[in-house]
Each structure stands twice: as C-alpha cells, then as structure tokens.
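With the sequences and hints as input, model every part of the structure.
So the protein sequences, as listed, match chains A and B.
Counted the way the working numbering counts, the first sequence spans residues 1 to 161.
Counted the way the working numbering counts, the second sequence spans residues 1 to 323.
Accuracy of the hints is not assured; some may be wrong.
[Stated by the list, open to error] Label pairs and their in silico Cβ distance ranges: (1) A:Gly94 x B:Pro268: 34 to 40 angstroms; (2) A:Thr156 x B:Gly110: 34 to 40 angstroms; (3) A:Gln124 x B:Ile102: 27 to 33 angstroms; (4) A:Thr156 x B:Gly315: 44 to 50 angstroms; (5) A:Glu145 x B:Leu165: 51 to 57 angstroms; (6) B:Leu109 x A:Glu122: 29 to 35 angstroms; (7) A:Gly94 x B:Pro168: 19 to 25 angstroms.
Honestly, the hints are just simulated from the structure, not real lab data.
Note that the Cβ used here is the ideal one computed from N, Cα and C, for glycine as well.
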Amino acid sequence: MPGSEWFKNRPRLLEGVYAGSKLALRVLYPLLKRVLPAGLRERVFVWSEEVSKGYLFNCQMCGQCILHSTGMTCPMNCPKNLRNGPCGGVRQNGHCEVIPEMPCVWVQAWQRDAQMGRYGGEIQLLQPPVNRALQNSSAWLNLLEGVDAQRPSGWTAIELE
Amino acid sequence: MTIPDQTPPATEWDSHGAESRLRQVLEAGHFAVTAELNAPDSADPKDVYANAAELGDVCDGINATDGSGANCHMSSVACCALMARAGYEPVLQMGCRDRNRIAIQGDLLGAAALGVRNVLCLTGDDVSAGDQPEARRVFDFDALHLLRTAQIMRDQGVLLSGRKLTTPPEFFLGAAANPFVPPQDLRHLRLAKKIEAGAQFIQTQYCYDVPVFEAFMRRARDMGLHEKVYLLVGVGPLRSERAAEFMRSRVPGVHIPDAVVDRLAKTPRKGKREEGIRICVEIIEEVKQIEGVRGVHIMAYRQEEAVPEIVERAGIKRERPRE
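Below is the structure:
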C-alpha cells in the first residue's frame, strides 16, 4: 500500500477519482436518500470522509471541499486557513512560515494544479470566505444538497454584476 | 457630584466625503512616495504625531501597521485616525490575524468615519512570529476575502450579509505583493487575483533583489497588470549586516541576497548606516526605471529620520502641501 504522499503527487489520478465519485454519487444519491435516514446518512458520510480524505489529504472537515480547485491539496492545512494562497511568508526553501518543517501547502497546490487536466487552472478562481458553520459536516452531502455553493448575499451581489 | 455635560464638541474635522489624496497623486501620474509609521507602544497621541512629522513632508501617504510581525502596538485604526486629524494622509493596514469578519467590517466602517480613505488589505504575519506566540490566531478571512468585502461595502453599499449601509465608505483599496519568495515564477498570478478581488494599488515587500523584481514585473506586464493597478515598490535602509541577518531570518517573507549583506559587512562600523542608505537609494533609482512602477513604499523601521534624506537623494522629492 503506497503512502499518501504517493497519491498526493499524482493529482491527475486523484482528480479522476474525484470526478468519478461525484458522478457516481449524483446518480446514486436519490436511492441513498431513500435507504438511509438523514442522521445516519450524515454519520456514514462524515465517517467515510474522515477515513478516506483524512488519509489522503489530512482533511480538516471544513465541510466545503474545494480540493479539485486547489491542486488536490487541502488548503485547510495552511495554518492561516488561506483559500486563495499562498501568503507572503513562504520561506526560501518553499516551506511554511508557521511550521518550518512543512512544505507550503500552496506552493504544492500550484505545482499540482499545473499537472492537472480536467480541473487544472481552477486554482486561479477567487474562493469565497469559508462558511465556518459547516465545520465537521459532510462535504459530499453539502455538495449534493447544494449547501456548499451558498454564498453570503453581499458576496453574491458582486458576482452577479 | 456634578456630572460633566454630555453635549458633543463641534467637530472641526468632519472628513467624511473627502477623497483619497494618495489616489489623486497616482492618477495625476506623479511618482508616489509612501512610508511606514512606527506605531508607538504608548497611549499618548503625541507619539504618533512625532513619528508622522518625520515623514509627512516627503510622503503622499503614511502606513500604520497592524501589529506588524505579530507584535502588539497602538492599533492601526487609532494611528490612522490621529494622523487624519493632524492632516496627514493615512494608509490603514488591516490584517486577518486578529479579527473575524464581524470585527473587520465594523473597523472598516469606523475607520472611514474617522477620515481613513486608503486601506491596505493583508493576510498578516502569524502569531508565532511575534512577542505573544501563545495568542489565538483568527484568520477567519484571507487577504482576498478582506479586499472583496471592502469593495462590496464601497460599491454595493452593503455588508457581507447583504444588510444595507446608510452611507457606504469611500475606499482606495490596496494589497501587498511579495515577488521575492516561492513560488517566484507564479507570484504574478496572485497579483492578478488580488486585482480581480478589488486591489487598486499594491505595496510590495522589501525589495533588495532587483533582478527578481524585474522578472516579476515582466510577467505582470505580459498580463497587462501594470495598467490595472498602481504598484509601489517596498524599500528600506539596513542599519548593518546584523540587522540584515535578523530581518531575513526572523521577519517572515523578507529576502536579502548575500551580496547586500556582504557589502554591509565589509563597510567599517562608522559608515554602515550611510552604506545602508546608499543601497536603498540605489535600489530606488533602479526600480524607478522599470515600466509599471508608480512609486516606492519606504519601510525604515526605527530609522524614520532617514526617510527625508532617502527621498531627497533618490531624486523623488516633490512639494507636498499638507491640508
């Protein structure tokens, strides 16, 4: 079994898995909704995300996953929680200002985004503020229900302009 | 016991509605000079006035830092309000380290009411860099959320929640850029994103490596970014090679090439201050020639008195009538 770095450095493979999972879940979701009651559904999804995304991305369970727009690299691992990084404090060796032994999440994200096909270039999108109320909820369910796409209404006003 | 009269005093400086003078200078095509105020560890406004007085005559804007390096000083909103009252042109630095989105929007409104027109939106140095590393870091927003939110308040006249403002703030919005740290070949893309989020002017991190900066500007020009934003290059005098070593090892995001440190090390002790100023003047003269550079931002930490000399010697002094 390869370690998670092996996967992280293959963003093309990961984005394929993401796209496949999204499609499969969209198809299966109506059935899942009928079989699993809401509370159990949330628990099952949260558990499976904690295990799978926890292993692969050190997922912080923000509940609004943008991995495919950030080089399949979790931006919530950035100690400053930047969604539009990198900050100006990156060390000359490409490591984090706050945790010197850790490579900057955003330097890696940019490198991996450049290798990606389907979602490559999405790193240039302006990401909205994090909805802190979604912490520890299931990002997949939030995606399927459209919860993660909700923006503060002030933010939406300028997007529509 | 007599209770003091609560009638408010007549305000002589109701500066609401005034325009950003920094913006006017830049729009008129002048080479702008801004400088950084050393925010005092004091509750006395005179300390702000004294520091601003060193800079006021040679600058188009004075930045008040927001707990720079995560060290606590007088708040940037207060420093800016005092400067505005004294007729200076303040630039409010606002970071995301110490406030959540509710406090940020409240402070933006308050600053505007106190006469602040220029806001520099920053991520902020991490608490671990400062003198109280045990503090909680906030980072509810990042610098781009802050920029866009200030833009929404100004242009849409609403808070992020959508709630309407009776009088929206008038802001000239700025952001930082650091072309000198990794990923150097992609830093122009972050600049592009900041412009998209609302940045109208940029103040860069200290520039001691002109070739790296030139490469950054070339890439920015290829995207036409130099025509979308007023870019001011950060510069500053180094007092000695020890100061240089301290800055590049301890201050986040500062890159100083060995050649600069060596030059200071080779200078006799008495001449080090002068050599540091000379390096700073040379860098200003070089970056001034680069297409797309619209001014400089002088950060002379604890050397404010050197700023007028630097401006004079670099040949960028202009008459700046104070209102």
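> At the C-beta level, are A:Glu145 and B:Leu165 separated by a distance inside 51 to 57 angstroms?
Replying inline: violated (32 angstroms)
> Okay, A:Thr156 versus B:Gly315 on CB: inside 44 to 50 angstroms?
Replying inline: With Cβ atoms ~49 angstroms apart, the hint holds.
> Does the hinted range 27 to 33 angstroms hold for A:Gln124 and B:Ile102 at CB?
Replying inline: holds (29 angstroms)
> Range hint 34 to 40 angstroms: satisfied by the CB atoms of A:Thr156 and B:Gly110?
Replying inline: violated (25 angstroms)
>> The hint says 29 to 35 angstroms between B:Leu109 and A:Glu122; measuring C-beta to C-beta, is that right?
In response: For B:Leu109 and A:Glu122 the Cβ distance comes to about 34 angstroms; the hint holds.
>> Looking only at beta-carbon atoms, does the pair A:Gly94, B:Pro168 fall within the given range of 19 to 25 angstroms?
In response: Once the Cβ atoms are compared, 41 angstroms apart, the range 19 to 25 angstroms for B:Pro168 and A:Gly94 is violated.
>> Assuming the hint says 34 to 40 angstroms, is it satisfied by the Cβ distance from A:Gly94 to B:Pro268 or not?
In response: holds (37 angstroms)
The structure fails to meet hints 2, 5, 7 from the earlier list, while all remaining hints are met.
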